[in-house]
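Student: Letter by letter, the chains look like this.
There are 2 protein chains.
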Amino acid sequence: MTTATQPLDPEQLRKLDAWWRAANYLSVGQIYLYDNPLLKEPLALSHIKPRLLGHWGTTPGLSFIYAHLNRVIKEQDLSMVYVAGPGHGGPAMVANAYLEGTYSEVYPNISRDEDGMRRLFKQFSFPGGIPSHVAPETPGSINEGGELGYALSHAYGAAFDNPDLIVACVVGDGEAETGPLATSWHSNKFLNPIHDGAVLPILHLNGYKIAGPTVLARIPRDELEALFHGYGYAPYVVDGDDPMTMHQLMAATLDIVVAEIQRIQNDARAFGFDTRPRWPMIILRSPKGWTGPKTVDGKATEGTSRSHQVPMANMTRPGHLEILEGWLKSYRPEELFDVTGKLNAELAALAPHGERRMSASPHANGGLLLRDLRMPDFRDQAVDVPRPGGVDAEATRVQGRFIRDVVRLNPDNFRVFSPDETSSNRWDAVFEVTDRCSVAQITADDEHVGPNGRVMEMLSEHQCEGWLEGYLLTGRHGFFSCYEAFIHIVGSMFNQHAKWLKVCNHIPWRRPIASLNYLLSSHVWRQDHNGFSHQDPGFIDHVINKKAEVIRVYLPPDANTLLSVTDHCLRSRNYVNVIVAGKQPSPQWLDMDAAIKHCTAGIGIWPWASNDQGGEPEVVMACAGDVPTLETLAAVSLLRTHVPDLKIRVINVVDLMKLQPPSEHPHGLSDRDFDLLFTTDKPIIFAYHGYPWLIHRLTYRRTNHHNLHVRGYKEEGTTSTPFDTVVKNELDRFDLVADVIDRVPRLGIKAAYAKQAIRDKLIEHTHYIAEYGEDLPEIRDWRWQ
Amino acid sequence: MTTATQPLDPEQLRKLDAWWRAANYLSVGQIYLYDNPLLKEPLALSHIKPRLLGHWGTTPGLSFIYAHLNRVIKEQDLSMVYVAGPGHGGPAMVANAYLEGTYSEVYPNISRDEDGMRRLFKQFSFPGGIPSHVAPETPGSINEGGELGYALSHAYGAAFDNPDLIVACVVGDGEAETGPLATSWHSNKFLNPIHDGAVLPILHLNGYKIAGPTVLARIPRDELEALFHGYGYAPYVVDGDDPMTMHQLMAATLDIVVAEIQRIQNDARAFGFDTRPRWPMIILRSPKGWTGPKTVDGKATEGTSRSHQVPMANMTRPGHLEILEGWLKSYRPEELFDVTGKLNAELAALAPHGERRMSASPHANGGLLLRDLRMPDFRDQAVDVPRPGGVDAEATRVQGRFIRDVVRLNPDNFRVFSPDETSSNRWDAVFEVTDRCSVAQITADDEHVGPNGRVMEMLSEHQCEGWLEGYLLTGRHGFFSCYEAFIHIVGSMFNQHAKWLKVCNHIPWRRPIASLNYLLSSHVWRQDHNGFSHQDPGFIDHVINKKAEVIRVYLPPDANTLLSVTDHCLRSRNYVNVIVAGKQPSPQWLDMDAAIKHCTAGIGIWPWASNDQGGEPEVVMACAGDVPTLETLAAVSLLRTHVPDLKIRVINVVDLMKLQPPSEHPHGLSDRDFDLLFTTDKPIIFAYHGYPWLIHRLTYRRTNHHNLHVRGYKEEGTTSTPFDTVVKNELDRFDLVADVIDRVPRLGIKAAYAKQAIRDKLIEHTHYIAEYGEDLPEIRDWRWQ
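Those protein sequence lines, which keep their order, are chains A and B.
Heads up: the first sequence runs through residues 1 to 785, numbered per my numbering.
Heads up: the second sequence runs through residues 786 to 1570, numbered per my numbering.
For the record, the hints were derived by calculation from the structure and aren't laboratory data.
Mixed in with the good hints, there may be bad ones.
[As the list claims (entries may be wrong)] With a straight-line Cα cutoff of 20 Å, these simulated PhoX-like cross-link-like pairs (lysine-lysine) come out:
#: 1; chain 1: A; residue 1: K682; chain 2: A; residue 2: K647
#: 2; chain 1: A; residue 1: K714; chain 2: B; residue 2: K1332
#: 3; chain 1: B; residue 1: K1332; chain 2: A; residue 2: K728
#: 4; chain 1: A; residue 1: K547; chain 2: B; residue 2: K1513
#: 5; chain 1: B; residue 1: K825; chain 2: B; residue 2: K1079
#: 6; chain 1: B; residue 1: K1127; chain 2: B; residue 2: K800
#: 7; chain 1: A; residue 1: K761; chain 2: A; residue 2: K750
#: 8; chain 1: A; residue 1: K547; chain 2: B; residue 2: K1499
[Claimed, not checked] Partial list, computed: chain A residues near chain B (C-beta under 10 Å):
#: 9; residue: G128
#: 10; residue: M493
#: 11; residue: E715
Quick caveat, the model's predicted, so the values are computed rather than measured.
A virtual CB, placed ideally from N, CA and C, is assigned to each residue, including glycine.
Isolated chain A, as found in the complex (with noise of 0.2 Å):
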């Protein structure tokens, strides 16, 4: 008989527990054992790994709620995946997909047998095996593991635009204390019971991290309700030791909680969306270590922090091998194997069908259901330019009506996340066709804010990479619109990000993704009303010490060179593409087709800025980035009135990438190429956007190397204006002249002139700024001719 406390017969009982030892036995199996694996034989040294790593302490409970979840999506024919906050529990997640039978469909050596079971016990933690967190190779995972702190973003990023799915996500007390973490409970507020799918988070409170207890498990249970309460969610608190009583509480409680998401979800798709409904969460406390040794060496371990890795870590001290054997016995594994390996049948039969299975679901596996998007063309977008620099526009505010019409055609799998710099990135446009999402509160006041809305907006970097991030890896489309300075926020999940891309390079069975686009506007250069603590362009830097394979870089200099290359970046898969690209007015230099051309070439001269047609150069003056471009040109602009006779040549730079040797990177131009544009023994000025030591750690091995001379941001900024901050760090238009003058040494007399005028207009400048507090008139309204 079951009820509503005891909802599980005595026979189901048996078997869920059974699964549960079979996956808590597979786990010590996987730290500790080279060979015996079904314990045929009494346990020796010669059957313990010589080193000893993994996570036994988060691991049990993780598989105690995974065979739960099993009976749930069994019994109700559930679409469900499972997120791993406690990246740790390595063993756990490879265990249940073992026992699941998708571990051995995607590598079929880890046969469901002795032997495979063997192999799968060896590769744990193994040179040339498996890491010992949640990693791209553990099927049914979505990027949880190594860093904490994204488990919640990324289930809510999953649930988006999915609404049949419901997404367990097992938060660990320790990860809980990160900020990113502790912000995301509050994704709530975002998610639509209509036409998104469910979120289960599960705190699971086990009392200790690496060495010391966890803020969640130490404060009263009235506080710890209260808290969640307060996020917005109902908890239920499962709590307790004694595993018959858990499996009965926590079947009793995913009933509840699972019935209690199909009301929500049936009432809103009943009868539409009204007030922003409270989720159930659960609240599960159980021991660190949860069925492993009570004691090692006279210690407490199991419900300790003694459990957390290892907990005997060196098996040849006396005892430690029996406290082993009895520990893996315990699980009694004869009930639950063959004597072949195979699972028992009646275990077997215990797993999900197919695709239903957490481990096998394709949404943990995105690529598998990445559909194109639905492009418009952006050449419908392009501005007018009649000649170079014939008129002005806002270079992201163009590309935000691209934008607009991408979330037009895509009305399901493409979003917008920023942290509430839509607007001011300029890209409003996006509001004549949805909104930014809110299930919260909504005003009279609010403008463009409904429950519908496609444009993700939290005031949290975190949230937004994070939630992005679960959207893509789920197999959806997105951009991040971001300020310059502050990406960095995001800088670590953003290399977890690009190592988990590198490592599915090479998983077969990982199907492409779409690629994670980042817009970086109000950039360093236009940040001179904020001041100096916005003006920071290293992102670039960071991202490129990531593997080329993975990442790529653009600065389109204009407004139709960006629309080329956001529309290139939505096509591609598996990148990071950081665009730099600005949002104030500014000269637009290119027509359609010479920024698709320049695009695809992704670096080129520009014979319209040079006089050095027919022959050589005497100086290159190369650009990187929107204002370096300005400055360039005006530079050239003002060379041409003092040495009209000075060949130059001008190089633009789209694509970063080009400027690295090929064997660094796939884009980069061969040498002979690179050397055709910079000369091998000519002066080059390069006006670059970021710091300028990068554009030398590109080109370092290049033939003229020695002849170039970078100006770029020097970390020289305050409150002033646009042209007084490109002065302050050298890169203005004066400073190149100077630069130029310095190095081309026949212009003799000449050049000594140049300088002086150089020098008048710059102290016009300041003493102009100071008292006026804008930019010179004839610099500010400086256009080519």
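Put chain B on the given structure of chain A with help from the hints.
Tutor: Relative to chain A, chain B alone:
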């Protein structure tokens, strides 16, 4: 008559409101006025600044709080500082500092008269003036503003070990959405009411961030209160928009919470610490842009996101000048300032005296209070190194003993901060003299946890960094111990702190503070067990983008050099010191005398490892970092066997900045010294800890750069062995030998044999680890002879 709910008598109320009006008047003046500061003439366009920049929205709320805090400070002679999370509220903090007189004391040109007021207005967000944020230039500030998210961690950091201080911390509802802020509420589990001061968080809900509504402003009041109850606070709500009503409410609330803070402290200080107190906090809900224009161009402005920045940004539009004039006059400036621009005496008398003024608190200019650390002699911890490579030690474990003694000698102004990695990074010795800090529940199984602990561990790098910054900025000392890969999490916080230090270097009244010291251990080369996600040496690259005058990077190769470097860093001021060091048992190279000499030079030839004495080497083998040093010496050892007559010079780099030209960094070697070390024409094989291109970036201007070949981490990693990890990145001894051979042509046939031997050894290694999971014993146990 006053009552508990109406604590202000009419006179008090009038004056308090007048102060607030004065602050608001000065704030609007800063945003708009170029001239006519006292409105003696009818307002004209010529009185308006040409560029209107700044943030009005949060400003009146900040001033409202300031005025009320002043009342309780003065009435009760409290010591308080004001942390203004909404950093864009610069005008408010500047206005109040000006009203208090502090501003004119530190900037005599901004005098307390009409001329001074004109300058005060003009300088704001004006070239050559001050930023729109609460910036280093703002007296009373400790690094709020700029990037959001860290106000509350800073506040708690300021309160630690400051028993008489109350830190009022205003958290904007925008900032409250960030991850770091969301977790920093939990800081109350780490604040000891006996020897720490108090933090009074004031959550300022004004409903909007730049463009969209905020999360916390749109949840029902029961959820909001539950959230803060769950965070462990007693929330007090002050909600409304009528100034006079709000004054009484706020005053009544402040009386209650200050009494409550004192009761908590008195209880704990009289009777000892018992259980974590429930500290009070205030939720202030008031309109965005409070007291500003109700509508502009027919659109609601006060109370909406249209008040976020400048309510009327285009003053040439009809009616705008009139709105501004009416707005300014609504504060009745003629009642606040006399005709000379001097603040009325009765208002001036509202300011607390001297250092009680929050703008003049020495706690907000920590260098004033900074005491030197009492320093133990680091030589006492020296590892006895009879000959190079003669003993093994765990460098950070040795360092931990020195840190232990620093903790012991400085019981009230030095703390250790770590995301639960103090023990993992081998600083266990500190637990001989102190505990992990926690005022939450402590259980019998906890090790080294106590309410007086000076080790601040929370699994949040943000929190650790924020606490430490707050602690340093208020004049104390500390150390951050972290895993190398995950320090990227605070990359953006580091940016802000480094920028703060750079600006402070040029503000005479800002006194130097203790350096921010990072130990980065569990570094890239010994994350073989945790795998790829834990491998990232790029923080160094990030750090050296910041201004040379504030950053230092050290890579001590062993324990004694680590001790020497640590001592140096703890004595330094106004820097960010990054120390990368290993925690695993490794050969020790230098005895203490040699270590001190080597660290003092920062770079040097190791004669005992070189055989080029008295002549030029044929090859220079340089190394930086413990593992690269080991591999370099092992390579030298192999070369001695295979090509004994090869003249090798070994150079070790401790201070990475030595490599840069002196024009780029004050530590940089002169070109002459560099050439003496590295030769002008011999091949250099450089084994480097991090990404190899960094060494190129630092040295590209050096004479011999074209002969430089760098090995380092190139994003190849997975779970494997330590040696396999260096092999995967070609930093291993065998690849280094091959690099040498490839660059010394005269070696001829010997070289061919040596390369074959290397190839064989690498194959043997690969087979061995695949089978045994450990490195070849001859490699693992290799020792320098």
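Student: Against this structure, judge whether each hint is valid.
Tutor: Verification of the hints:
1. A/K682 x A/K647: holds, 11 Å
2. A/K714 x B/K1332: Holds. A/K714 to B/K1332 sits at ~8 Å (cutoff 20 Å).
3. B/K1332 x A/K728: holds, 14 Å
4. A/K547 x B/K1513: With Cα atoms ~14 Å apart, A/K547 and B/K1513 stay inside 20 Å; holds.
5. B/K825 x B/K1079: violated, 25 Å
6. B/K1127 x B/K800: holds, 16 Å
7. A/K761 x A/K750: Holds - the C-alpha atoms of A/K750 and A/K761 are around 17 Å apart, at most 20 Å.
8. A/K547 x B/K1499: Within the cut-off at roughly 8 Å; holds.
9. G128: Result: holds, 5 Å to nearest chain B Cβ.
10. M493: holds, 9 Å
11. E715: With a minimum Cβ separation of about 5 Å from chain B (threshold 10 Å), the hint on A/E715 holds.
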